[in-house]
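Protein chains in written order, with this note's numbering: chain G, 1 to 145; chain H, 1 to 145; chain U, 1 to 145; chain B, 1 to 145; chain C, 1 to 145; chain L, 1 to 145.
Where hints are given, some of them may not hold.
It does not matter which identical chain is meant; a pair holds if it fits inside one copy or across any two.
[To be verified] No more than 25 Å apart at the CA atoms, straight line, and that leaves these computed lysine-lysine pairs for DSS-like:
#: 1; residue 1: 23; residue 2: 131
#: 2; residue 1: 56; residue 2: 31
#: 3; residue 1: 56; residue 2: 107
#: 4; residue 1: 46; residue 2: 23
#: 5; residue 1: 56; residue 2: 46
#: 6; residue 1: 56; residue 2: 131
#: 7; residue 1: 107; residue 2: 46
#: 8; residue 1: 26; residue 2: 131
#: 9; residue 1: 46; residue 2: 26
#: 10; residue 1: 107; residue 2: 23
If you're looking for bench data, these hints aren't it; they were derived computationally from the structure.
6 protein chains.
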Amino acid sequence: MVQNLAIGKIAILLASLTEDELKQIKLPLEKFSYCQGRVGSMNMQKVISAVETAAKRNALINEGYYRETHSLYHAIMEGINGVTRGQAAIGEMSRTVGLRFAVVRGKPYDHPEEGEWIAVAFYGTIGAPVKGSEHETVGLGINHI
Amino acid sequence: MVQNLAIGKIAILLASLTEDELKQIKLPLEKFSYCQGRVGSMNMQKVISAVETAAKRNALINEGYYRETHSLYHAIMEGINGVTRGQAAIGEMSRTVGLRFAVVRGKPYDHPEEGEWIAVAFYGTIGAPVKGSEHETVGLGINHI
Amino acid sequence: MVQNLAIGKIAILLASLTEDELKQIKLPLEKFSYCQGRVGSMNMQKVISAVETAAKRNALINEGYYRETHSLYHAIMEGINGVTRGQAAIGEMSRTVGLRFAVVRGKPYDHPEEGEWIAVAFYGTIGAPVKGSEHETVGLGINHI
Amino acid sequence: MVQNLAIGKIAILLASLTEDELKQIKLPLEKFSYCQGRVGSMNMQKVISAVETAAKRNALINEGYYRETHSLYHAIMEGINGVTRGQAAIGEMSRTVGLRFAVVRGKPYDHPEEGEWIAVAFYGTIGAPVKGSEHETVGLGINHI
Amino acid sequence: MVQNLAIGKIAILLASLTEDELKQIKLPLEKFSYCQGRVGSMNMQKVISAVETAAKRNALINEGYYRETHSLYHAIMEGINGVTRGQAAIGEMSRTVGLRFAVVRGKPYDHPEEGEWIAVAFYGTIGAPVKGSEHETVGLGINHI
Amino acid sequence: MVQNLAIGKIAILLASLTEDELKQIKLPLEKFSYCQGRVGSMNMQKVISAVETAAKRNALINEGYYRETHSLYHAIMEGINGVTRGQAAIGEMSRTVGLRFAVVRGKPYDHPEEGEWIAVAFYGTIGAPVKGSEHETVGLGINHI
Chain G
1 MVQNLAIGKI
11 AILLASLTED
21 ELKQIKLPLE
31 KFSYCQGRVG
41 SMNMQKVISA
51 VETAAKRNAL
61 INEGYYRETH
71 SLYHAIMEGI
81 NGVTRGQAAI
91 GEMSRTVGLR
101 FAVVRGKPYD
111 HPEEGEWIAV
121 AFYGTIGAPV
131 KGSEHETVGL
141 GINHI
Chain H
1 MVQNLAIGKI
11 AILLASLTED
21 ELKQIKLPLE
31 KFSYCQGRVG
41 SMNMQKVISA
51 VETAAKRNAL
61 INEGYYRETH
71 SLYHAIMEGI
81 NGVTRGQAAI
91 GEMSRTVGLR
101 FAVVRGKPYD
111 HPEEGEWIAV
121 AFYGTIGAPV
131 KGSEHETVGL
141 GINHI
Chain U
1 MVQNLAIGKI
11 AILLASLTED
21 ELKQIKLPLE
31 KFSYCQGRVG
41 SMNMQKVISA
51 VETAAKRNAL
61 INEGYYRETH
71 SLYHAIMEGI
81 NGVTRGQAAI
91 GEMSRTVGLR
101 FAVVRGKPYD
111 HPEEGEWIAV
121 AFYGTIGAPV
131 KGSEHETVGL
141 GINHI
Chain B
1 MVQNLAIGKI
11 AILLASLTED
21 ELKQIKLPLE
31 KFSYCQGRVG
41 SMNMQKVISA
51 VETAAKRNAL
61 INEGYYRETH
71 SLYHAIMEGI
81 NGVTRGQAAI
91 GEMSRTVGLR
101 FAVVRGKPYD
111 HPEEGEWIAV
121 AFYGTIGAPV
131 KGSEHETVGL
141 GINHI
Chain C
1 MVQNLAIGKI
11 AILLASLTED
21 ELKQIKLPLE
31 KFSYCQGRVG
41 SMNMQKVISA
51 VETAAKRNAL
61 INEGYYRETH
71 SLYHAIMEGI
81 NGVTRGQAAI
91 GEMSRTVGLR
101 FAVVRGKPYD
111 HPEEGEWIAV
121 AFYGTIGAPV
131 KGSEHETVGL
141 GINHI
Chain L
1 MVQNLAIGKI
11 AILLASLTED
21 ELKQIKLPLE
31 KFSYCQGRVG
41 SMNMQKVISA
51 VETAAKRNAL
61 INEGYYRETH
71 SLYHAIMEGI
81 NGVTRGQAAI
91 GEMSRTVGLR
101 FAVVRGKPYD
111 HPEEGEWIAV
121 AFYGTIGAPV
131 KGSEHETVGL
141 GINHI
């Protein structure tokens, strides 16, 4: 594999590990930009919006350029596909999600011309809107930016 | 969350962390059964088969009972949906995957009647059948067993 | 086939036959638990809810355990996939459904260790929200419980 | 409902009931054309082909006209969606199906201008290519012709 | 190809070309019925409704017969699949569309028994509900009527 | 719309118009790079490969960089989704396609920082592997590069 920085794996760990667990594993966090966040909803639009807002507020994408929001949007949608396993209209399907997410931007490939990529990871629960009626779920989307 | 053992997260870590990294994080591995494996293919049937074979060889499921293979199969398919983000016919789509996987079986919920659940996690790469033309991918499926 | 009680076929007949027709066919209804119901909606959430409520009220699942609601939910979703043929967000797609449904729980396999399974069948119409602009539709989902 | 002949229900019964059971229920079979058949395969192309061949051999469609094969094809695909619940590439997904099918053609609506419609129903099993590792499945597709 | 009138291509051109551009290309518009329209929405139901209303108002389908609205509906849905590339619940996915559409009805095949077909084409933009954050999109559905 | 060069529309016209028709419409072809090609197959892998080969041979993408092949691949897949309307495994579904395609690369947005985008358009037929049993189909995918 030509990648030397696994931005997808780093995003997954940032989304799923607790602060204490993150201290135990040495991650090369100084080599890229990232942010973390949380969102819970029966409405996928709110999940998308929470990730977009966090990425913009942390300057992970330049919201002035559509190409960057386009890249982020498709990475989010790929991550959501993993979370919902093909049923993205979660509210209509009577599901609710409680998610932590991470967005990581950087250069995962050795060759400098490969440029920057973005990874969006989700970890949390999906289930019925009833306490305890839920199980874990994970999603990861990656795109060039 | 009623879960006290996050079998999905543990499966994701077993699939994505290196042996060295796994030593750094303390996981409650003594509380459940698990196995790890690797598979690379353009044929999703081989990926399914690799996970099923590993789970049976490690006695994670009792292959004599259809209800256990049925539970495992749907957990695998949910994990593959995350890996392929909806395009499971990877060969037809000219994609190849190189994956590490983990299967974890145990009791993630406090209440004993919730019984056993199974988690199947994948981590690796998906891309064109050309060296370096690939990026990371992750998938997780969870089912009651 | 190892099955000696075709719970899926029984669920389909309970959902699609009239009371008179059901009297004509001898079904081994004493060997399992079942319930029947009706629901009409443009909102898939209401369809899911109607089946879940009927199954709980008739003690087909124990709503105290997530593993049972999890099993039922996936059986419902598989049945809905047949009803909508892949477009589960029926309201957004300007469709309405009028459905009769049946939930059947029992032991369809000879081997006692195969345990209990659940079948959810739908029969009715799908179409535009205009009287007469509709045709028949059927769906069946089956899961171990 | 404006329908007075439920061709979908009749197709489902022709596909799922045994000869003995069919004798018990009075169906208005004299009012339309129909055929029955069987197919088992890991290859969805063979399932499609079996239904098309049976429909042509029994003169249910006029194979000289594309509009009739087009109508039948989409009805078959809708039925297959119910059978596979969204994973039509069954071989790639390591599934095999054993199906009985029925094709019914006739005029289900009161108004003569509604013309002829076609229903394709499947009933049988889907599962791993291992004896006994399978459960029931049903699918129904309906189209104007 | 047995077709001598490419109704899909004509629909695409009617949806995507400006009035000036349409004057430059000679289209056999006298050989079939057609209409054009515009719709912008985050709600797919409004897109479906706009096309259905335009088709009825221009007498492209006879709204008294379900078989004609059924045929049109499936052609619209196929066109929408191209527009959204599989994510038809655009509002839930935080997308908005601005579309021009055309519906064309006629006899595209040489053989008179092939009868009438209908084509629905969309051309426009899909994107975030933010000015400029959008790119082009196209969809085409075709059905016998 | 901020776009002043509609690369999607240009790609659709390059894929669907004959040489004669293309002469009638004035297209700003000098402002971007493009290529055209043809492919017929029951195997989607061959369609993908035909577009990738044409794009590389005409230097529309730099095949040395994965980010460019990644961008092209997703644009192809979006276009194929329109062509197949969700059933990309065409061979398994007993369908064959005969397609003309165009790939267009350029700067469709006024703002120079929006950079280059790529459009992949398909126009042709999809149908049964029987002469004449086919109708038109169109697909368009667009991505930043």
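Within a copy, between copies, both or neither: which one fits residue 46 and residue 23 at a CA-CA cutoff of 25 Å? neither (30 Å within a copy, 37 Å between copies)
Please work out whether the CA atoms of residue 107 and residue 23 approach to 25 Å or closer within one copy, between two copies, in both situations, or in neither? For residue 107 and residue 23, only the intra-copy Cα distance (23 Å) is at most 25 Å; the inter-copy one is 27 Å.
Up to 25 Å CA-CA - residue 46 versus residue 107, copy category: Answer is neither; intra-copy 29 Å and inter-copy 32 Å both fail.
Classify it for me, residue 46 with residue 26: is the Cα-Cα distance of at most 25 Å met within a copy, between copies, both or neither? neither (32 Å within a copy, 34 Å between copies)
If the cut is 25 Å between Cα atoms, do residue 26 and residue 131 qualify within a copy, between copies, both or neither? neither (35 Å within a copy, 28 Å between copies)
Should residue 56 paired with residue 131 be assigned to within, between, both, or neither, using CA atoms and 25 Å as the limit? Answer is between; shortest inter-copy Cα gap is 17 Å, intra-copy 32 Å.
Given a CA cutoff of 25 Å, do residue 56 and residue 107 count as a within-copy pair, a between-copy pair, both, or neither? Close inside one copy (19 Å) and across copies (24 Å); limit 25 Å.
Homo-oligomer pair classification [residue 46, residue 56; C-alpha up to 25 Å]: Within one copy only: 15 Å inside a chain, 31 Å across chains, cut-off 25 Å.
Reference check for the pair residue 56 and residue 31, CA-CA at most 25 Å: within, between, both, or neither? Answer is within; shortest intra-copy Cα gap is 19 Å, inter-copy 32 Å.
Residue 23 and residue 131: within-copy, between-copy, both or neither at 25 Å Cα: Classified as neither; 30 Å inside a copy, 34 Å across copies.
Going down the numbered hints, you'll see the structure goes against 1, 4, 7, 8 and 9, while the others check out.
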